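Starting from the structure of chain A, add chain B where the hints point.
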Amino acid sequence: AQSVTQLGSHVSVSEGALVLLRCNYSSSVPPYLFWYVQYPNQGLQLLLKYTTGATLVKGINGFEAEFKKSETSFHLTKPSAHMSDAAEYFCAVSDEGAGKSTFGDGTTLTVKP
Amino acid sequence: EPEVTQTPSHQVTQMGQEVILRCVPISNHLYFYWYRQILGQKVEFLVSFYNNEISEKSEIFDDQFSVERPDGSNFTLKIRSTKLEDSAMYFCASRWQADFSYEQYFGPGTRLTVT
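Listed in order, the protein sequences are those of chains A and B. Residues in the first sequence are numbered from 1 upward in steps of one, following this note's numbering. Residues in the second sequence are numbered from 1001 upward in steps of one, following this note's numbering.
One or more of the hints may lead you astray.
Said to hold, decoys possible - Short, incomplete list of chain A residues facing chain B, as computed with Cβ under 10 Å:
{"hint": "1", "residue": "Val13"}
{"hint": "2", "residue": "Tyr36"}
{"hint": "3", "residue": "Gln45"}
{"hint": "4", "residue": "Asp95"}
{"hint": "5", "residue": "Gly99"}
Hints in this document: simulated from the structure, not taken from any laboratory. Owing to the predicted nature of the structure, the values given are computational and were not obtained by experimental measurement. Glycine is no exception: its CB is placed at the ideal position from the N, C-alpha and C atoms.
This is chain A alone, in the form it adopts within the complex (with noise of 0.2 Å):
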């Protein structure tokens, strides 16, 4: 069974300050992995995804993640935070077949001015 684990239920950062939201997961394939941003009543937006290849990847809004096979962590990370970065993150695994994908419990990003 796959799972995913993230350090940290709430982040508070300043303005420009270096953003890293962790995540580990668990899963007996190689995983295919996602960060997810979701803003207050709104739904899932995808930050970006690991497959295979390169395991530094880049998304959107200038957020980026390495996997670490050893490990077992994909961590987001953005070099300097912006106001409008403040959301719920979620990181989230997918196994092949069904590809249902099973979800950490989140991670609050605050931005201080």
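Only chain B this time, still in chain A's reference frame:
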């Protein structure tokens, strides 16, 4: 750009009533999913659907739930007798069969409120 649509955006119903949530997946997609998100909690998988049958379902998806693709374009989730704890945001998603990235495209969600 093609997108998944869901109707209604908000549904209020009384406990014990039946509700049907509707989704229109992206037209060339062949895998369909329902997820739910209770307020303030994580997104939970309910069911996946492929080739006109359920391919996988979670423990949440009990006999009160059913899914259907009635006309080749819509994908519905029915809850036969709603309970207070069914109040949640329900997301539909779809995936292209040959997309080996397994990326799912999510709809905007239907907020279900059971009173």
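Verification of the supplied hints:
1. Val13: 21 Å, violated
2. Tyr36: 8 Å, holds
3. Gln45: 8 Å, holds
4. Asp95: This interface hint holds because 8 Å falls under the 10 Å limit.
5. Gly99: 4 Å, holds
The earlier numbered hint that this structure contradicts is number 1, and it is the only one.
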